[in-house]
Amino acid sequence: MGIVPVSNVASTSAGASTNASVFAQLAQIQSQLAAQNDAIAAQGSAQTSNAIGTPQDFTKSVSKSQYNTVASATDIGTVTKGQTRVNAFGSLAAGDQADYLSFKLARQGAINLGQLNLDQTRVQVMTKTGVVLADSDSKSGKAYDAYNAMVNGQQSLDSGTYVLKISRATGVKLTQKVNYGVQVAAGDYSKDYTTTIQAASSTAAISSSAAAISGALSDQITTMKNWTIGQTGTQKLMGSMMDLFA
1 MGIVPVSNVA STSAGASTNA SVFAQLAQIQ SQLAAQNDAI AAQGSAQTSN
51 AIGTPQDFTK SVSKSQYNTV ASATDIGTVT KGQTRVNAFG SLAAGDQADY
101 LSFKLARQGA INLGQLNLDQ TRVQVMTKTG VVLADSDSKS GKAYDAYNAM
151 VNGQQSLDSG TYVLKISRAT GVKLTQKVNY GVQVAAGDYS KDYTTTIQAA
201 SSTAAISSSA AAISGALSDQ ITTMKNWTIG QTGTQKLMGS MMDLFA
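Counting from 1, one number per residue, gives the positions in the sequence shown under the numbering used here.
Heads up, some of the hints might be wrong.
30 Å max Cα-Cα, derived BS3-like pairs, lysine-lysine [to be verified]:
(1) Lys177 - Lys104
(2) Lys191 - Lys165
(3) Lys139 - Lys173
(4) Lys139 - Lys60
(5) Lys165 - Lys128
(6) Lys173 - Lys142
(7) Lys173 - Lys191
(8) Lys104 - Lys128
(9) Lys128 - Lys191
(10) Lys104 - Lys191
(11) Lys165 - Lys142
(12) Lys177 - Lys64
Treat the hints as calculated values from the structure; they're not laboratory data.
Construct the entire structure; sequences and hints are all you get.
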């Protein structure tokens, strides 16, 4: 399914209400991100990421490639400084080793990286040939330092295509289903693109995907763990994690 403006997504009042709920939750995440921005701005060299006015929201639902490798990574959009931010939500089913998502950086510059469910997921930022540039695993040395720099908007990348490898954190069993969410921006943005990642065989429409996200957020908003962001480990980007697909 191609990317379409939110105003054209739903043809029924129920679908429109569902999508509105999803984007209300994204707005809540963004308001909490603003608090983080205020804190890291004092560092001087950090790049913050804020919405410009009321951003346009776009959604799409895509199926994973059956090959699910670096070379066949699922495209989640283009990140342009001062213009666009991309978000992706999905899950690793029992037995799934990893998901690979690709994004394009339109111009050289620092990125702002966000990750949900930090205690269960591992995010690696890679080149399109599979070279690891950053790693959320705290034992990955310089790659972990680079990850924190990306979280804080302090790591510059050349323009081009990059791959996010989403896998389980150390200690999480392969038999356990794990939900994930990632976000990439390059400073402020006026357009927000959200991709729902489906299983390779899925043909679900965006309205049902949005319903799954919205319903799970409502049910679990007070029960899931906070996740930290930044080198200090004290700033919170989001206070909950959702069960994307029951």
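Hint check:
Our distance criterion of 30 Å between C-alpha atoms is met by Lys177 and Lys104, whose separation comes to about 28 Å. With a C-alpha separation of about 24 Å, the suggested pairing of Lys191 with Lys165 holds against the 30 Å cut-off. Annotation: proposed proximity of Lys139 to Lys173 holds, straight-line Cα distance about 18 Å (limit 30 Å). Between Lys139 and Lys60, the direct Cα distance comes to roughly 35 Å. Violation of the 30 Å bound is thereby established for this hinted pair.
Proposed proximity of Lys165 and Lys128 is supported: the alpha carbons are some 11 Å apart, at most 30 Å. With a C-alpha separation of about 26 Å, the suggested pairing of Lys173 with Lys142 holds against the 30 Å cut-off. A C-alpha spacing of about 37 Å is found between Lys173 and Lys191, which places the hinted pair above 30 Å, so the restraint is violated. Between Lys104 and Lys128 the CA atoms are separated by roughly 10 Å; this keeps the pair inside 30 Å, and the hint holds.
Proximity of Lys128 to Lys191 is assessed by CA-CA distance (about 25 Å); at most 30 Å being required, the pair is judged to hold. Among the hinted pairs, Lys104 with Lys191 is consistent with the structure: their alpha-carbon atoms are about 15 Å apart, no more than 30 Å. A threshold of 30 Å between alpha carbons decides the hint, and for Lys165 with Lys142 the separation of about 17 Å falls inside it, so the pair holds. Between Lys177 and Lys64, the direct Cα distance comes to roughly 16 Å. Compliance with the 30 Å bound is thereby established for this hinted pair.
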